[in-house]
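A.B. asks: Sequence:
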Amino acid sequence: MSLHQIIAPIIDFAYPPRCPACGDPVDSGGFGEVDALCPDCFAKVDRPGSPACATCQYPFSENALGTDAQCAECLLNPPEHDGMTAATFYGPVSKDLVLSLKYGGRMAIADMLGRQIAARLPEFSSDTIIVPVPLHRWRLWQRGYNQAALLGRAIARARTLPLVPDALERVRRTTPLGGMGAAQRRAMIAGSIRMNPRHASLLANRAVILVDDVFTTGATTGECVRVLKAGGAKSVHVACYARTRSRDD
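Read in order, the letters of the sequence shown correspond to residues 2 to 250 in my numbering.
Some clues are possibly wrong.
In the DSSO-like style, the derived pairs of lysine-lysine whose C-alpha atoms are separated by at most 30 Å in a straight line are [to be verified]:
hint : residue 1 : residue 2
1    : Lys-230   : Lys-103
2    : Lys-45    : Lys-103
3    : Lys-45    : Lys-96
Simulated from the structure, these hints should not be mistaken for lab results.
Using the sequences provided together with the hints, build the complete structure.
C.D. replies: Next comes the structure, spelled out in C-alpha cells:
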C-alpha cells in the first residue's frame with residue numbers, strides 16, 4: 002500500500018470534501034480533492050448535446066438538420082473561431098462554480114471544471130497548443146491568478162497537450178463587460194490583446210485551443226482568435242466551462 006493510500010483517508014476524515022456548488026459531502030480523489038459535484042447538483046447542470054450547431058453548439062429543436070448544420074447566427078455572422086466546446090450551459094449551478102473560481106478564490110475547483118471541458122473536446126494533434134484568454138496585469142495582481150490559465154492547465158494535463166499560459170497579453174485594461182451588449186463588448190475589447198513577443202514564432206501553422214471560463218457574446222474570444230490567427234495559428238478552437246444560450250446574453 003502506498004503512502005498516498007494510507008494518508009488520504011485520514012485527510013478526508015479530518016477535512017471531508019464538499020460539493021463545490023452546494024457544500025454537501027462528496028467522494029474525493031484523496032487529500033480532499035473534489036472529483037465531482039454531488040448527485041443533486043450534477044443533475045441540475047445543463048450540458049450541450051445533439052442536435053446543435055456544428056460551429057457554436059447552439060441547440061436546435063429537432064434532428065432533421067444533420068450533424069454539420071449551422072445556426073442562423075453562424076451562417077449570417079460567421080465567428081472567427083473554428084469550433085467550440087463548452088462543458089455546460091450557463092445556469093444556476095455552473096454560474097455558482099464559475100463565480101466561485103473567478104471571484105471567490107476557490108482555485109481548487111479549476112481541476113474539476115477543466116477535466117469536464119477536456120472530456121468533451123474532440124481529438125487534436127499532439128502539437129496543438131493550449132492558450133488561455135489573458136488578464137490585464139493589474140487584474141491579475143488583484144486576483145492573484147488567471148482562472149482561464151488554471152482551466153487550461155487542467156485541460157493540458159488531461160489531454161497531454163502543451164500549455165502556453167502567456168502566449169497572449171492584455172495590453173489595455175478594460176472595464177468589466179458584464180451588462181454590455183455584443184457591440185459594446187467588441188468596441189471595448191478591440192485592440193486590448195496582442196501576441197506576447199516572446200512567443201511570436203510559436204504559432205506558425207499550429208492548431209490552438211483557446212480557453213476561457215465563460216463564453217457570452219464572443220467579443221473577448223473573437224479578439225483573441227483574430228490575434229492568434231494573425232500570429233500564424235492554423236486554427237483556433239474555443240473551449241470554455243460554460244456558454245450562454247444566446248450571444249446576446
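A.B. asks: Give a verdict on every hint.
C.D. replies: Status of each hint after checking the structure:
1. Lys-230 x Lys-103: Distance ~27 Å between Lys-230 and Lys-103 Cα, so the pair holds.
2. Lys-45 x Lys-103: Holds: Lys-45 and Lys-103 sit about 21 Å apart, inside 30 Å.
3. Lys-45 x Lys-96: 12 Å, holds
In this structure, every one of the numbered hints holds.
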